[in-house]
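Note that the protein sequences, when read in sequence, are chains A and B.
So in this note's numbering, spot 99 of the first sequence is number 214, and the numbers just go up one at a time.
So in this note's numbering, spot 307 of the second sequence is number 495, and the numbers just go up one at a time.
Do not take every clue at face value.
Stated by the list, open to error - With a cut-off of at most 27 Å between alpha-carbon atoms, the simulated BS3-like pairs for lysine-lysine come out as follows:
#	chain 1	residue 1	chain 2	residue 2
1	B	K475	B	K341
2	A	K266	B	K254
3	B	K259	A	K266
4	B	K534	B	K475
5	A	K216	A	K117
6	A	K253	B	K267
None of these hints come from the bench; they were simulated from the model.
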Amino acid sequence: MKSEVLYPGAFPMVRVELAAGENIKAESGAMVACSPTIDIESKMEGGFLGALSRKFLTGEKFFFQTLRASRGPGEALLAPTVPGEIVILELDGVNDYMVQKDGFLAGADGIVIENKMQGLSRGLLGGEGFFILNISGKGMLVLNSFGAIHKIELKPNQEYIVDNSHLVAWSSTTSYNIEKATSGWVASFTSGEGFVCRFRGPGLVYIQSRNPGSFGAWIRQFIPVSE
Amino acid sequence: MASPPNALCFGDEFPAAGAPCLVQVEEHGLTVTFTSDTADSEPESVPFSTLTVSAGGLDHDQLVVKWVGPKGERTLYLKNPDTIRAFRQAAPDHLSHSFAQAAEQVRQVRHRGRLVWSLVVGVVLSTVLGLWFGSDLLVEIAVSRIPVEWEQKLGESAYRDFLSHQEVMKEGPAVAALGEMTQRMTAQIPDNPYKFEVTVVKSDVINAFALPGGYVVVFTGLMKKAESGEEVAGVLSHELNHVLQRHGLERIVKNLGLMAVAAIVFGNQQGLVGMMKQLGVELFTLKFGREQETEADLKGLQLLQRARIDPSGMITFFERLSEKDQGRMEWLSTHPMSAARAERLKAELAALPKKLPEPFMFDWKQVQAGL
Ligand SMILES: [Zn+2]
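Based on the provided sequences and hints, a complete structural model is requested.
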């Protein structure tokens, strides 16, 4: 399996080359184009209950798609819904990541996707909901973001504070606490209270350079209100 | 490459994501072999004597091993249960205490995880079932599954918060008298999971209340109004039974939902403060249902009887409170008195076997004089 990011920047796509028989998992709806040798199966990761719980609890789409090169080698082009960067990570079996529900675009067959429940307070206050994806296993993992993806590298015990809604993914060797944001953190468009995560290393934290919620609020002010 | 990596190693010369490595447990220490090509591939032997261990990672479920080697400080994150077990078995005595601590932390996290999951399942189920059966039974079931420690956490922070704004009577005959009443009654409660804390607050308010978990407040106004210790004991017994029957929790679960209770209990400090503030208000304006009042009355009467405190004090006090409308009768606002209520108590008392009451050690007039 080979993959590359095309048109890096705001409107990228991923090209994944599959050898005969190989397959990858992708967010449903991510497929843009593919060779005729590729079959799309809507597989329910984690069985029916897993898929159902994911649907209800994370708001995640019901299915992941499996793209399989059943009739010989071929390639697939994948793209996320929102404008923003794509990053490809390689999992080696020991480094796993927590991924915020909209951050997953695709992954090799060898990666394992599980719903992970956050501590209740993290879930209640965090804004990413109660469930996040815990992605482990071996192989390629493709993440997408809203805006650019920025990588924060944390040494053991090094701390960093991130606005919640900018989180994309973080390694499981980090730990974090949710704290209420002081006023400076909260965008003027959002009326609600903001929360920030205080991360502690070691490990990596991937953040996105734009906040989907604030962007939505910003758009909304231009939509005429009808009676 | 022989075996796949089973740990991540952090240190100054490694990438921030950590270097994958293979940790093997030997007789006198660990052997760490780096599996990536970027890092030094010479296996590193680390004697047990240089190591410290603790629990860490996102859910505190990974074993963090630290040491200072010739190349600086190193931190290993281990997740593989087999490796951790082998390490623990081979480790010398000086590490066993840290291991026990780490294991305890992991156990707590897992236990918490399971609890939270069963809560979620419970909430989903009860929502579904509630549509069919109405919710009272489910509230009861939910409440019966909430550990007493949660209840105490809930009540205690609201209690401390409340008392910090009040003038508390720390000693004196009134405090001693309430102590004696509480002691006599709690001695008659078999398998009492609560450690009742009764505080006298200086205020002319004619009131008393109990928070979930066994935190009771009696205002001096109520004690001034009472004509005997038995009358105060009647109110106290009623309030203690609100706690024993977990009426507060029932109301909270009914009003806020089980999730909110769980969130408060499991919440981290920042979130807790805000929610406690909200809930504190709920706790103090908590109005019990009529059935709960009747239950607290009847159980209260029985408790007085068992403690050999004259139960007629309870009845006369209730009657007197309801007859005269004298100034601020705050207890009445949460405890509407009706003729039926006193009648029910009289009937219940008549049905109970007669017991010779034992008087209190204190003299009520002296207690009142000290208020
Ligand atoms: Zn009552």
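#### Entry: Violations among the numbered hints, reported as their numbers in ascending order
none
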